[in-house]
Amino acid sequence: MNKFEIRNLNLHYGDFHALKNIKLDIGEHRITAFIGPSGCGKSTLLRTLDRMNDLNEDCRIEGKVLLDGEDIYSRKTDVDYLRRKVGMVFQKPSPFPMSVYDNVAYGPRTHGIRKKEKLNEIVEKALRDAAIWDELKDRLTNRATGLSGGQQQRLCIARALAVNPDVILMDEPTSALDPISTAKIEELMIKLKKDYTIITVTHNMQQARRISDKTAFFLSGQVIEYEDTEKLFESPSDKRTAEYISGVFG
Amino acid sequence: MKNRKKEAKILHVLSVMATAFTVVSFASLCVFVLVKGIPHITADMFSLKYTSENASVVPAAINTLTISVCALALALLPGIFSAVYLCEYAGRKNKFVSVIRTMTETLAGIPSIVYGLFGYLAFVIFAGWGYSIIAGALTLSLMILPVIMRTAEEAINSVPDSFRESSYALGAGRLRTIARVVIPSALPGIVSGAVLSVGRILGETAALIYTAGTVAGLATSLTSSGRTLSVQMYTLWREGIYTQKAFASAAVLLILTVMINILSSFFKRR
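Each protein sequence line maps, in turn, to chains A and B. Residues in the first sequence are numbered from 13 upward in steps of one, following this note's numbering. Residues in the second sequence are numbered from -7 upward in steps of one, following this note's numbering.
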């Protein structure tokens, strides 16, 4: 069952053709990695999946992106509801300047949940699912900005989980973190794929190899190769993929 | 090599001299006002009722407070909401935005006497309120509006985009993002702008002489006249008989202004 089906997707930033005729199927309950050199369009494609590119005035999109069979770019789409179903975690951990509790409760409160007991329940579950409940359960009223980088990122993951999404998009989630925090988050991602569909952009090829089920290699706005991870890294079909993986260019 | 060392030393000396000059000027101003004024500060200067003898600062201070609060109340919401519009709703390349910004900069630079005359024509004469607190407050609110807009805009623009993105990514709409994330984050900057405006109001004379008037004593209603502390100082000085009291008022006003500025920088640091 495909979670996302992308067909003939073309994206322009002003005159720059950033994504060229993308055709991709992304399966659910697995981790899909987007890899490629800087500027190849992998983050851009990730952002089209929850319509975050709408925030950019210069951006023009043609083509279809189907989530569970429905085009998310149709006029009828409720974008706020879409972003509930498809959550995003960014490269630089950016918790709001509020308490830990308020950060996690921000999403549920936005969507109408006001009762204290229900919110407490949701916050605890989200923090547990993000493997950070034990560290933070006595610090729920502390300001989130006082946490370490790794903790902040796990908090941001908890924040995204609190609205009960189907998909979690992760844009280089560990590139700003130390190796130990990175390992914790990779462990978390593998644990989460049971219940969620995860798509991650990463510059770290070893990471893609470690955690993802399928990998897509991007170059200059096109998908060059899209394969089961082991096969893509062991015996890539395209010469350019082989060159990128072996570090000929980066 | 030796030449560069000499140049560096000259630059160093010049900078120190310039700083010393600034510090000395400021210090001599303060010292002069305080030395001339503090000896004449009497206890009855702080009594509730103003008489020609005690030249009490209390009614004038209360008038100052009333006018400041009214002016702030009138200017804060339009100022903040305009800043929100300019930063969040109008496009970055919008020509309209640059026109508004130019207008704001211009308004901020207009001499206060011009505001005073405008206020006189619009509020005292045309609206028929006469010399009154409300005329003064309205005039002052026009004066501080550009300041509030500018500081609010700066504060809102320095809220990192990552906060906005995170909020949108959770399914929050624009209104909620602005109200729950952007403005609370920008609040220290906005408050600092408000406190700065109060500082400016405290020093206003030209704009108030022609709008709030120069009546001594406590203003009893919004439509009655009442002078502020700085206007009182001006009047006392002009009348020629109470120059000592004028200096005393000046000392009080100086101390108040310094305290307000300290408060403003305290908020900015938060």
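FYI, nobody ran anything at the bench for these hints, they're computed from the structure. Because the structure is a prediction, the values reported are computed rather than measured. Hints are supplied without guarantee of correctness; some may be wrong.
[What the hints assert, rightly or not] Quick list of simulated restraints, FRET-style, between CB atoms:
hint : chain 1 : residue 1 : chain 2 : residue 2 : range
1    : B       : R166      : A       : Y25       : 43 to 53 Å
2    : A       : I192      : B       : V61       : 21 to 31 Å
3    : B       : L40       : A       : E147      : 37 to 47 Å
4    : B       : K1        : A       : D66       : 43 to 53 Å
5    : A       : E133      : B       : S213      : 28 to 38 Å
6    : A       : D66       : B       : E97       : 25 to 35 Å
[What the hints assert, rightly or not] Covered stretches of chain B (in silico footprint by chain A; criterion: 3 or more residues with CB under 8 Å from a CB of chain A, positions within the stretch not fixed):
hint : region
7    : 106 to 115
8    : 172 to 180
[What the hints assert, rightly or not] Examples of chain A residues lying across from chain B (beta carbon under 7 Å, computed):
hint : residue
9    : R72
10   : R87
11   : D90
12   : M100
13   : S106
14   : F108
15   : T122
16   : V175
17   : D178
18   : P191
19   : A195
Quick reminder that beta carbons are idealized off the backbone N, C-alpha and C, glycines included.
To see whether the hints hold, each was checked on the structure:
Checked against the given bound of 43 to 53 Å, the beta carbons of B/R166 and A/Y25, roughly 22 Å apart, lie outside it. In this structure the supplied range 21 to 31 Å is violated for A/I192 paired with B/V61, their Cβ-Cβ distance being about 54 Å. For B/L40 and A/E147, the hinted distance range of 37 to 47 Å is not satisfied, since their beta carbons lie about 59 Å from each other. Evaluation of the 43 to 53 Å hint for B/K1 and A/D66 yields a failure: the beta carbon distance comes to about 58 Å.
Range check, A/E133 to B/S213: about 55 Å between beta-carbon atoms, so the 28 to 38 Å window is missed. Checked against the hint of 25 to 35 Å, the pair A/D66 and B/E97 passes, with Cβ atoms roughly 32 Å apart. Only residues whose beta carbon comes within less than 8 Å of a beta carbon in chain A count, and the region 106 to 115 of chain B has 0; fewer than three means the coverage is violated. Taking a C-beta to C-beta cut-off of 8 Å, the region 172 to 180 of chain B contributes 4 residues in contact with chain A, enough for the three needed, and the coverage statement holds.
Given hint, A/R72 at the interface with chain B, is violated; its Cβ is 15 Å from that chain's nearest Cβ, farther than 7 Å. Interface hint at A/R87: violated, since its Cβ lies 17 Å from the closest Cβ of chain B, which is beyond the 7 Å cut-off. Taking 7 Å as the C-beta cut-off, the interface hint given for A/D90 is violated, the closest approach to chain B being about 9 Å. Interface restraint check for A/M100: the shortest CB-CB distance to chain B comes to about 4 Å, inside 7 Å, so the restraint holds.
For A/S106, the shortest C-beta to C-beta distance to chain B is roughly 4 Å, which falls under 7 Å, so the interface hint holds. For A/F108, the interface hint holds, since its Cβ comes within 7 Å of a Cβ in chain B; the closest pair sits about 6 Å apart. Checking A/T122 against chain B: minimum C-beta separation of about 5 Å stays under 7 Å; hint holds. A hinted interface residue such as A/V175 counts as satisfied when its beta carbon comes closer than 7 Å to some beta carbon of chain B; here the least separation is about 6 Å, so the hint holds.
Annotation: A/D178 was flagged as interfacial toward chain B, and the flag is violated, the nearest CB pair being 13 Å apart, outside 7 Å. Given the 7 Å rule on beta carbons, the hint for A/P191 is violated: about 23 Å separates it from the nearest Cβ of chain B. About 24 Å separates the beta-carbon of A/A195 from the nearest beta-carbon of chain B, more than 7 Å, and the hint is not met.
Violated hints for the displayed structure, listed by number in ascending order: 1, 2, 3, 4, 5, 7, 9, 10, 11, 17, 18, 19.
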